[in-house]
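Enquirer: Could you build all of it, start to finish, from the sequences and the hints given here?
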Amino acid sequence: MVRLNKLYKLIALGGIFLLGCIMIVTPAEAVDLKIGAVNAVKLLDEAPQKGAALERLKKEFEARNRELVAKQKELRELEDRFNRDAAIMSEADRKALERDILNQNRDLKRDQEIFREDYNIRRNEEFRKLQEEIAKAIVSLAERKKYDLVVYEGVIYASDKVDITADVLKLLKSQYKP
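Numbered per numbering that gives the first Met the number 0, the sequence shown finishes at 177, counting up by one with no gaps.
Hint data in this document are derived by calculation from the structure and do not stem from the laboratory. Careful, some of the hints might be misleading.
[Said to hold, decoys possible] Capping the alpha-carbon separation at 30 Å, the derived lysine-lysine pairs in DSBU-like fashion look like this: (1) 72 to 58; (2) 176 to 144; (3) 144 to 128; (4) 70 to 108; (5) 144 to 160; (6) 176 to 41; (7) 169 to 145; (8) 41 to 145; (9) 58 to 169; (10) 128 to 41; (11) 128 to 58; (12) 169 to 41.
[Stated by the list, open to error] Here are the in silico distance ranges between beta carbons for each label pair: (13) 47 to 83: 49 to 59 Å; (14) 175 to 152: 21 to 31 Å; (15) 76 to 134: 42 to 52 Å; (16) 172 to 105: 39 to 49 Å; (17) 175 to 122: 11 to 21 Å; (18) 115 to 73: 16 to 26 Å; (19) 162 to 120: 26 to 36 Å.
In this text, a Cβ means the ideal position worked out from N, Cα and C, and glycines have one as well.
Expert: Listed below in structure tokens is the structure:
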């Protein structure tokens, strides 16, 4: 087992040495690579598909959101009634109203949490779809323009010479059908 680890280390060192020799002998200019970089944040912000996804989410959750707003209003009205009339209510009526307020408050919080979870799940699904559309557009552009490498995320700096964000955005806009 120890011999195997030493053999792996020796092979790895040999590979690194060989790579270093090749890099020294072959100047970077001699390697003819076509590289492109894409600003992921800009694409995600400016793609027309993002607006469509947000509109779908708005339509899908609009009715549930209205229900929550109505429940909040109803709860506020009960609380106002309690604050206004508690002093003149009978003990039984006051306790019943308190219990009703507590129950509605608990139900509202639960419904809001379920709403948030459902919305986040759907938003993430739409975000994944958008990322897939962007990835397909990048691959399509890269293949058509014969890029050897396109970097999408994790780029700290890319010069205008290799930045193909505008081209990808143009392609996304042409593919968008409202």
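Enquirer: Each hint: holds or not?
Expert: So, going through the hints one by one against the coordinates:
1. 72 to 58: holds, 22 Å
2. 176 to 144: Given pair residue 176, residue 144 holds - Cα atoms ~24 Å apart, limit 30 Å.
3. 144 to 128: Satisfied, since the Cα-Cα distance of roughly 24 Å is no more than 30 Å.
4. 70 to 108: It holds: about 10 Å lies between the C-alpha atoms, which stays within 30 Å.
5. 144 to 160: Distance ~14 Å between residue 144 and residue 160 Cα, so the pair holds.
6. 176 to 41: Answer holds: residue 176 to residue 41 is near 20 Å, not above 30 Å.
7. 169 to 145: Satisfied, since the Cα-Cα distance of roughly 17 Å is no more than 30 Å.
8. 41 to 145: This hinted pair holds, its Cα atoms lying about 23 Å apart.
9. 58 to 169: Satisfied, since the Cα-Cα distance of roughly 27 Å is no more than 30 Å.
10. 128 to 41: holds, 17 Å
11. 128 to 58: Given pair residue 128, residue 58 holds - Cα atoms ~18 Å apart, limit 30 Å.
12. 169 to 41: holds, 12 Å
13. 47 to 83: 49 to 59 Å: Cβ of residue 47 to Cβ of residue 83: about 51 Å, so the range 49 to 59 Å holds.
14. 175 to 152: 21 to 31 Å: holds, 22 Å
15. 76 to 134: 42 to 52 Å: holds, 50 Å
16. 172 to 105: 39 to 49 Å: holds, 47 Å
17. 175 to 122: 11 to 21 Å: holds, 19 Å
18. 115 to 73: 16 to 26 Å: Hint holds: Cβ distance 20 Å, inside 16 to 26 Å.
19. 162 to 120: 26 to 36 Å: holds, 34 Å
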